[in-house]
Amino acid sequence: MKSGPDRAGYFGEFGGRFVPETVMPALLELERAYKQVIRDPEFRKQYEYYLSEYCGRPSPLYFAERMTADLGGARIYLKREDLNHTGAHKINNCIGQALLARKMGKKRIIAETGAGQHGVATATAAALFGQDCVVYMGVEDTVRQALNVFRMKMLGARVVPVDSGSKTLKDAINEAMRDWVTNIRTTHYLLGSVLGPHPYPVMVRDFQKIIGKEARRQVLSKEGKLPDLLIACVGGGSNAIGLFTAFLNDKKVDMVGVEAGGTGRKLGNHAARFSGGSLGVLQGTRTYVLHDRNGQIAPTHSVSAGLDYAAIGPEHSYLRSIDRVSYTSVGDKAALDAFYYLSRTEGIVPALESAHAIAYVRRVAPRMSRRQTIIVNLSGRGDKDVMAVAALDENGA
Amino acid sequence: MSRETPISSRFRDLRESKKAGLLPFLTVGDPNLRFTEKAIRAMDRPGVIAIELGVPFSDPLADGPTIQLSSERALANGVSLRDTLNLVERVRPKISTPLVLMSYLNPIHRFGYDKFARRAASAGVDAVLPTDMPIEESASLRGSLKKHEVGVVFLAAPTTPVARIRKIAGLSTAFTYYVSLTGTTGARATLPAGLVDRLKKVRAVVQGPLAVGFGVSKGSHVRRLAPHCDAVVVGSAVVRTIDGEKNDSARLAALDRLLRDLIRPLRPGKG
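Chains A and B, in that order, are what the protein sequence lines are. Going by numbering that gives the first Met the number 0, 261 is the number at position 262 of the first sequence; the sequence numbering is gapless. Going by numbering that gives the first Met the number 0, 60 is the number at position 61 of the second sequence; the sequence numbering is gapless.
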């Protein structure tokens, strides 16, 4: 399967570069630099060195024995991205882009963050390579992910709370873009997902596809065959693309992306772009977007800040359009239940984002045979969510 | 360049008389649509070469706080691209100044490029400026606008290399808009360093009409830029002036004062 994108940054009809002109020359420069390093064995070596020595890769592919027994169907493997340094898959991309920024001579790094995981990973990489770091974060997210705000500050980053619009991830991206147009000559925008204008969706995918590469090798050695089903949660979609990419040519491997169903199907109550959205252009890319009939971007809701975003990565729109990956959604309540379930069944506290994928495993595994296998991407750990979940519990949610 | 349109003939007249015009911007629907119509009629005066109407958008990532908040107020009133086009249709017969629609792409994309271009033409929009659509992505919308004889404006920025500025100017059928600074929209006390020198270089490669904007807020700014371009865009200062008053008559009086201050340096003999 050709994974794309084409030269203009399109996956089929999705993607592209919809940005103000000021940013355009920087995107072209970034694309040139990225194309150069991705083929450079020296760069590759550095990237892999930091991933193994600093981040702790490869992450284990763990057989979830009690969960498998409890659900009574398919054999379930967890790809333990939660065990990476900083606690999520985000660091893979941050190491790659921070190295690239260093190579491009950009000493200042900016980033957006929703759940704070990407912000923490960016602050970490910036500390590692001695770069200045500013992270934009919606005010609402700074409250529900307060722990990560402290972590970023401890790592030496400046955290700028964003008070405009819906005060969440999309507004943080707007503010990061405003910073970038202002400081474009000195600054690298370290975007955290397979979103935004070309080359970000392909670049972030290339820095995340190590997840699937490892998982494929690991499952073959443990099971002697390919898995039947891959499951990952999808906000922008970087952990899902990271897991799926290495398996795209394995026609018998099914893949499901799980979006945030929030509290219901009404526009504004969820972040299920495929079931509730339509084709649009947001923050640099043409893809499925949640918006009203006038093209105003709709507010979104999810208990998980990392899935709470109005657009989905363009490659996901493409993979869905060719029927290679299917997408579903899981609501807040099922995700919270799954948060407790994995904690108590396996002793692993998942991030609320990853809990969406776990919730879908609970739905689908019992319907599969015991000879089948599932790999679910446990994209992050739930330490950051402990306070928020405890508060929800107290309120009787 | 395509055939003569009202906006291009206006620019030609200005150039022949070696003058520049003012290009004021306002957000449609802030504080309400009724006032926007009054403001457009107040701007329809000598010295104003065209009026830029900003379509409010939920995620104005190229705008500074003044226009962001203005856009939020307009959206709170429920103002849409449809309302904007209806407003243009109502006001068009009452004024002679060309109208340029400035919009982020998603509202236009949602409307449908061809349907939008047809409706813009029938309403009397002279040109469209898509904020977040670089030339690379523009073929389809350009095709629709051309078919319905609506002009298009592209931005050139301080980061844009000369060869690319030439390309951008070649595709801009109404005028080319040079962004004065690397940054977002918003009034600044002083003009960006080196702007006049940069503008001279841009002028040398842009054959067609050239406007300059971002950060321009006062008569003294206009005076310095006017010799090197065909139009000077003032946005946030207009929005701020309107926002600073409590009722329509005070808003119109303040707008009148601002426009006079901005137009004065454009009229020979009075500068």
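Hints are computed from structural coordinates only; laboratory data are not their basis. From the three backbone atoms N, C-alpha and C, an ideal C-beta is built for every residue, glycine too. There's no promise every hint is true.
Covered stretches of chain B, as calculated for chain A (at least 3 residues, CB under 8 Å) [claimed, not checked]: (1) 31-43; (2) 76-84; (3) 96-106; (4) 149-156; (5) 181-194; (6) 235-247.
Taking lysine to aspartate or glutamate pairs in the DMTMM-like style, the calculated list, with each CA pair at most 25 Å apart, reads [to be verified]: (7) A/K34 <-> B/E135; (8) A/K166 <-> B/E71; (9) A/K265 <-> B/E135; (10) B/K145 <-> A/E12; (11) B/K166 <-> A/E41; (12) A/K166 <-> B/E135.
Now the in silico label distances, taken between C-beta atoms and shown as ranges [said to hold, decoys possible]: (13) B/R202 <-> A/E28: 19 to 29 Å; (14) B/G77 <-> A/R366: 40 to 50 Å; (15) A/E41 <-> B/R117: 28 to 38 Å; (16) A/F42 <-> B/G77: 21 to 31 Å; (17) B/G218 <-> A/F149: 45 to 55 Å; (18) B/G193 <-> A/R264: 36 to 46 Å; (19) A/K102 <-> B/K199: 55 to 65 Å; (20) A/K251 <-> B/A120: 33 to 43 Å; (21) A/L278 <-> B/R223: 54 to 64 Å; (22) B/A249 <-> A/A389: 20 to 30 Å; (23) B/K93 <-> A/R264: 27 to 37 Å; (24) A/G155 <-> B/S121: 33 to 43 Å; (25) A/K34 <-> B/S121: 53 to 63 Å.
Now for the hints, and whether the structure bears them out:
1. 31-43: violated (count 0)
2. 76-84: Satisfied; 3 residues make the cut.
3. 96-106: holds (count 3)
4. 149-156: With 4 residues close enough to chain A, the hint holds.
5. 181-194: holds (count 3)
6. 235-247: violated (count 0)
7. A/K34 <-> B/E135: holds (19 Å)
8. A/K166 <-> B/E71: Roughly 13 Å between the alpha carbons, so the hint for A/K166 and B/E71 holds.
9. A/K265 <-> B/E135: Not satisfied, since the Cα-Cα distance of roughly 36 Å exceeds 25 Å.
10. B/K145 <-> A/E12: holds (23 Å)
11. B/K166 <-> A/E41: Answer violated: B/K166 to A/E41 is near 37 Å, above 25 Å.
12. A/K166 <-> B/E135: violated (31 Å)
13. B/R202 <-> A/E28: 19 to 29 Å: holds (26 Å)
14. B/G77 <-> A/R366: 40 to 50 Å: holds (46 Å)
15. A/E41 <-> B/R117: 28 to 38 Å: violated (55 Å)
16. A/F42 <-> B/G77: 21 to 31 Å: Since the Cβ atoms of A/F42 and B/G77 sit about 51 Å apart, the hinted range of 21 to 31 Å is violated.
17. B/G218 <-> A/F149: 45 to 55 Å: holds (49 Å)
18. B/G193 <-> A/R264: 36 to 46 Å: Since B/G193 and A/R264 have Cβ atoms about 54 Å apart, the given range 36 to 46 Å is violated.
19. A/K102 <-> B/K199: 55 to 65 Å: 35 Å Cβ-Cβ, so the 55 to 65 Å window is violated.
20. A/K251 <-> B/A120: 33 to 43 Å: violated (53 Å)
21. A/L278 <-> B/R223: 54 to 64 Å: violated (44 Å)
22. B/A249 <-> A/A389: 20 to 30 Å: The hint (20 to 30 Å, Cβ to Cβ) is violated, given that B/A249 and A/A389 are roughly 52 Å apart.
23. B/K93 <-> A/R264: 27 to 37 Å: Between B/K93 and A/R264, where Cβ atoms are some 45 Å apart, the hint is violated.
24. A/G155 <-> B/S121: 33 to 43 Å: Since A/G155 and B/S121 have Cβ atoms about 57 Å apart, the given range 33 to 43 Å is violated.
25. A/K34 <-> B/S121: 53 to 63 Å: About 45 Å separates the Cβ atoms of A/K34 and B/S121, which means 53 to 63 Å is violated.
Checked against the numbered hints given earlier, this structure breaks hints 1, 6, 9, 11, 12, 15, 16, 18, 19, 20, 21, 22, 23, 24, 25; the rest are met.
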